[in-house]
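K.L.:
Chains as they are written, first to last, in this note's numbering: chain A, 1 to 420; chain B, 1 to 420.
Any given hint could turn out to be false.
As the list claims (entries may be wrong) - Subject to a maximum C-alpha distance of 16 Å in a straight line, what follows is the list of computed EDC-like cross-link-like pairs (lysine to aspartate or glutamate):
{"hint": "1", "chain 1": "B", "residue 1": "LYS153", "chain 2": "B", "residue 2": "GLU102"}
{"hint": "2", "chain 1": "A", "residue 1": "LYS111", "chain 2": "B", "residue 2": "ASP377"}
{"hint": "3", "chain 1": "A", "residue 1": "LYS50", "chain 2": "A", "residue 2": "ASP76"}
{"hint": "4", "chain 1": "B", "residue 1": "LYS111", "chain 2": "A", "residue 2": "ASP377"}
{"hint": "5", "chain 1": "A", "residue 1": "LYS111", "chain 2": "A", "residue 2": "ASP415"}
{"hint": "6", "chain 1": "A", "residue 1": "LYS196", "chain 2": "B", "residue 2": "GLU218"}
{"hint": "7", "chain 1": "B", "residue 1": "LYS196", "chain 2": "A", "residue 2": "GLU218"}
To be clear, the hints were calculated from the coordinates, so they are not data collected in a lab.
2 protein chains.
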Amino acid sequence: MSHDYAASADAMGRRARAAARALAAAETQVKNRALEAVAERLSVDRESIKEANAADLEAARQAGLSPAMVDRLMLDDTRIDAVARGVREIAGLADPVGETIEQWERPNGLKIERVRIPLGVVLLIYESRPNVTVDAAALCIKSGNACILRGGKEALRSNLALHRSIAAGAESVGLPTETVQMVDLTDHAFVNALLKQDRWIDVVIPRGGEQLIRTVVENATIPVIKHYKGVCHVYLDASADPAMATRVVLNAKCQRPGVCNATETLLVHQALAADYLPGLLGQLADQGVTIRGCPRTCDVFDRAQPASEDDWTAEYLDLILAVRVVDTTDEAIDHIARYGSSHTDAIVTSSREIAQTFVRRVDSSSVMVNASTRFSDGGEYGLGAEVGISTDKLHARGPMGIRDLTTYKYVVRGDGQVRT
Amino acid sequence: MSHDYAASADAMGRRARAAARALAAAETQVKNRALEAVAERLSVDRESIKEANAADLEAARQAGLSPAMVDRLMLDDTRIDAVARGVREIAGLADPVGETIEQWERPNGLKIERVRIPLGVVLLIYESRPNVTVDAAALCIKSGNACILRGGKEALRSNLALHRSIAAGAESVGLPTETVQMVDLTDHAFVNALLKQDRWIDVVIPRGGEQLIRTVVENATIPVIKHYKGVCHVYLDASADPAMATRVVLNAKCQRPGVCNATETLLVHQALAADYLPGLLGQLADQGVTIRGCPRTCDVFDRAQPASEDDWTAEYLDLILAVRVVDTTDEAIDHIARYGSSHTDAIVTSSREIAQTFVRRVDSSSVMVNASTRFSDGGEYGLGAEVGISTDKLHARGPMGIRDLTTYKYVVRGDGQVRT
Numbered sequence: 001m002s003h004d005y006a007a008s009a010d011a012m013g014r015r016a017r018a019a020a021r022a023l024a025a026a027e028t029q030v031k032n033r034a035l036e037a038v039a040e041r042l043s044v045d046r047e048s049i050k051e052a053n054a055a056d057l058e059a060a061r062q063a064g065l066s067p068a069m070v071d072r073l074m075l076d077d078t079r080i081d082a083v084a085r086g087v088r089e090i091a092g093l094a095d096p097v098g099e100t101i102e103q104w105e106r107p108n109g110l111k112i113e114r115v116r117i118p119l120g121v122v123l124l125i126y127e128s129r130p131n132v133t134v135d136a137a138a139l140c141i142k143s144g145n146a147c148i149l150r151g152g153k154e155a156l157r158s159n160l161a162l163h164r165s166i167a168a169g170a171e172s173v174g175l176p177t178e179t180v181q182m183v184d185l186t187d188h189a190f191v192n193a194l195l196k197q198d199r200w201i202d203v204v205i206p207r208g209g210e211q212l213i214r215t216v217v218e219n220a221t222i223p224v225i226k227h228y229k230g231v232c233h234v235y236l237d238a239s240a241d242p243a244m245a246t247r248v249v250l251n252a253k254c255q256r257p258g259v260c261n262a263t264e265t266l267l268v269h270q271a272l273a274a275d276y277l278p279g280l281l282g283q284l285a286d287q288g289v290t291i292r293g294c295p296r297t298c299d300v301f302d303r304a305q306p307a308s309e310d311d312w313t314a315e316y317l318d319l320i321l322a323v324r325v326v327d328t329t330d331e332a333i334d335h336i337a338r339y340g341s342s343h344t345d346a347i348v349t350s351s352r353e354i355a356q357t358f359v360r361r362v363d364s365s366s367v368m369v370n371a372s373t374r375f376s377d378g379g380e381y382g383l384g385a386e387v388g389i390s391t392d393k394l395h396a397r398g399p400m401g402i403r404d405l406t407t408y409k410y411v412v413r414g415d416g417q418v419r420t
Numbered sequence: 001m002s003h004d005y006a007a008s009a010d011a012m013g014r015r016a017r018a019a020a021r022a023l024a025a026a027e028t029q030v031k032n033r034a035l036e037a038v039a040e041r042l043s044v045d046r047e048s049i050k051e052a053n054a055a056d057l058e059a060a061r062q063a064g065l066s067p068a069m070v071d072r073l074m075l076d077d078t079r080i081d082a083v084a085r086g087v088r089e090i091a092g093l094a095d096p097v098g099e100t101i102e103q104w105e106r107p108n109g110l111k112i113e114r115v116r117i118p119l120g121v122v123l124l125i126y127e128s129r130p131n132v133t134v135d136a137a138a139l140c141i142k143s144g145n146a147c148i149l150r151g152g153k154e155a156l157r158s159n160l161a162l163h164r165s166i167a168a169g170a171e172s173v174g175l176p177t178e179t180v181q182m183v184d185l186t187d188h189a190f191v192n193a194l195l196k197q198d199r200w201i202d203v204v205i206p207r208g209g210e211q212l213i214r215t216v217v218e219n220a221t222i223p224v225i226k227h228y229k230g231v232c233h234v235y236l237d238a239s240a241d242p243a244m245a246t247r248v249v250l251n252a253k254c255q256r257p258g259v260c261n262a263t264e265t266l267l268v269h270q271a272l273a274a275d276y277l278p279g280l281l282g283q284l285a286d287q288g289v290t291i292r293g294c295p296r297t298c299d300v301f302d303r304a305q306p307a308s309e310d311d312w313t314a315e316y317l318d319l320i321l322a323v324r325v326v327d328t329t330d331e332a333i334d335h336i337a338r339y340g341s342s343h344t345d346a347i348v349t350s351s352r353e354i355a356q357t358f359v360r361r362v363d364s365s366s367v368m369v370n371a372s373t374r375f376s377d378g379g380e381y382g383l384g385a386e387v388g389i390s391t392d393k394l395h396a397r398g399p400m401g402i403r404d405l406t407t408y409k410y411v412v413r414g415d416g417q418v419r420t
């Protein structure tokens with residue numbers, strides 16, 4: 001079947017823009033009732049959702065997807081209930097829209113205000129987990145944004161079923177049918193056409209592997225908010241409390257190694273190399289962690305494998321840790337600047353001064369002192385549900401909460417002022 | 001001469017990134033002394049600047065540039081003094097870097113802070129006026145950013161001379177030579193190679209015509225902050241005070257028609273069409289304004305030319321005004337959403353309620369009530385020197401001051417917390 005992708009993408013964008021105007025004007029109460037209705041529909045529609053999901057799961061198994069991947073796809077009653085509960089929690093968040101961020105008056109009497117407004121139309125591109133479909137839709141509704149969702153091909157039937165519940169919920173309170181649109185064309189060419197709709201779409205948030213995100217960056221004329229990967233570091237300064245250092249490193253590496261805020265590289269001040277480091281690495285190895293060490297690490301810990309240059313940029317997402325002994329805090333900071341991913345980097349130190357140097361000179365989106373990198377998370381920061389993580393410099397950095405789905409406009413009020 | 005543009009662009013970006021690290025750590029005092037030194041050097045170097053400028057002016061005349069364009073290029077003692085004064089004014093602005101934007105504590109004792117930091121490396125692409133070279137460099141230095149400047153080809157000799165003074169000033173206080181880099185390759189292919197350096201460059205700000213900006217958006221993998229054009233509207237509501245309406249419209253159209261915040265389209269409530277509009281349009285015509293009207297405008301004002309569909313999206317930058325009579329405020333708001341450029345749109349009304357509807361439903365970067373669109377300007381808003389104007393939704397909107405050249409990071413301080 002031939003398809004005019006550009007025209008379809010334009011039409012989809014245009015519908016989203018029209019919906020966005022209605023959403024931007026919607027009262028908090030209406031948005032909350034929509035979310036309540038969505039949660040209710042998800043519960044009511046659970047049999048058809050599970051049926052669609054079963055077809056996805058069957059196809060995934062036939063296609064030979066790994067058990068872990070199949071598990072990520074799976075929706076059962078417990079997960080559907082959790083998704084619905086998440087929607088109700090988002091309804092409970094404060095509405096960021098309409099907030100006066102700042103206001104001041106000029107000598108000529110003009111009153112100037114920065115007022116928070118929705119971004120407009122958000123395009124989300126993500127991979128397998130179907131719960132992202134509902135989370136993203138709910139966050140966009142609450143923040144007054146229309147959205148276009150493009151999930152993983154392998155979750156398409158599940159996503160379409162979830163989308164029916166979302167659309168029904170939104171419509172039931174009078175919000176536009178196109179409040180949330182789901183892309184059902186699986187061709188990459190259609191996504192690429194969407195990525196050119198800067199006339200209608202205000203931002204694209206890709207979530208997934210590095211290759212997916214790179215493709216979005218290269219093809220989009222729409223602004224992108226993203227993080228490629230999380231190569232998080234813990235640096236143990238000479239003054240680090242040994243017990244605290246061990247606790248933080250074990251947690252940062254082992255508590256959940258498959259996520260982006262898990263630590264991938266340990267940097268250790270030389271003063272700790274001989275006496276402290278071997279014991280720490282022994283504990284890590286005992287928990288199943290493979291150590292890839294610099295020569296000085298290998299000298300003091302014989303179970304270490306020698307690290308190659310690639311290990312310093314690796315996002316293992318696994319029980320592997322790259323370890324490097326450094327001479328100074330500056331060397332640790334330079335290592336992070338050179339190899340890091342601007343996600344989350346931590347120092348353990350008992351020196352206020354060294355902590356301050358680290359905080360000032362490391363420009364990652366989250367910089368931590370005496371805490372596990374695993375805290376870099378919207379929920380842990382108290383932002384509520386997380387939209388994603390940004391390691392970019394523009395707009396939002398670090399864990400993104402609902403407020404990061406808004407922007408502002410200047411509102412200027414006068415009594416007939418003109419410029420001279 | 002063959003040239004490996006990608007390698008040169010990568011090297012330039014890499015040098016800028018190294019300089020950015022030094023600038024981010026520079027004390028306010030050092031940055032201010034650098035600006036003072038730049039201002040001083042501009043004054044000392046004025047003869048060589050004027051000499052370089054004379055060569056640009058001569059080439060411009062030979063190439064047949066319009067007198068207006070040649071005038072924009074020209075640097076004389078008065079203009080050099082003004083540029084140096086501008087640099088000293090920027091030194092006087094508050095340093096935005098290091099500010100704690102927000103802080104809070106979590107139940108587990110983690111202290112979370114959002115701290116303002118520089119963007120990093122800023123690429124500025126602009127057209128003819130050489131004073132932009134110095135303004136942009138000074139704003140970047142003050143906000144702790146390294147920058148790469150790419151000015152108009154016709155101003156290259158002037159820009160290189162100005163750049164020598166800037167670099168000498170920065171170096172004289174110990175800032176890196178690459179604090180400010182000037183692109184001296186005039187090939188478009190080199191600019192396109194720079195636009196792919198997302199590894200080193202954090203943002204590109206193009207300033208100039210729509211075509212220049214579109215080319216940047218289509219070629220960049222770096223985030224872009226931009227505005228394509230200013231199609232600003234004034235809407236006169238039925239309740240508008242007639243004297244105020246006339247004053248605002250005359251100012252918005254005529255005070256300086258060649259700039260992006262001048263009004264291009266007037267929308268008028270039907271209640272004002274018969275009695276008020278002809279007099280207003282007569283006054284505009286008397287000031288040399290050509291009126292392009294909708295059929296209802298042409299009915300009441302016989303000196304109007306009929307407007308075509310293109311007139312509603314035109315940025316005339318000239319003494320031309322498109323005029324449309326609308327039935328309702330909603331129709332005016334819909335017109336702005338359809339044809340506007342999200343720059344600046346104003347209403348004149350004496351109704352608080354109608355003003356509020358307009359403010360809530362128009363999502364342009366600046367929305368004004370009872371004031372001339374000409375106020376949409378960094379200086380007029382009290383932001384200090386203006387970096388540019390953004391009509392985008394991400395990061396900064398409206399007139400951009402020095403603060404808009406910064407971003408933030410999360411700083412998290414604990415006493416050994418780990419995640420459970």
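K.L.:
Please go over all the hints and tell whether each is borne out by the structure.
P.N.:
Consistency of the hints with the structure:
no., hint, verdict
1, B:LYS153 to B:GLU102, "44 Å, violated"
2, A:LYS111 to B:ASP377, "14 Å, holds"
3, A:LYS50 to A:ASP76, "7 Å, holds"
4, B:LYS111 to A:ASP377, "14 Å, holds"
5, A:LYS111 to A:ASP415, "10 Å, holds"
6, A:LYS196 to B:GLU218, "9 Å, holds"
7, B:LYS196 to A:GLU218, "9 Å, holds"
Of the hints listed earlier, the one the structure fails to meet is number 1.
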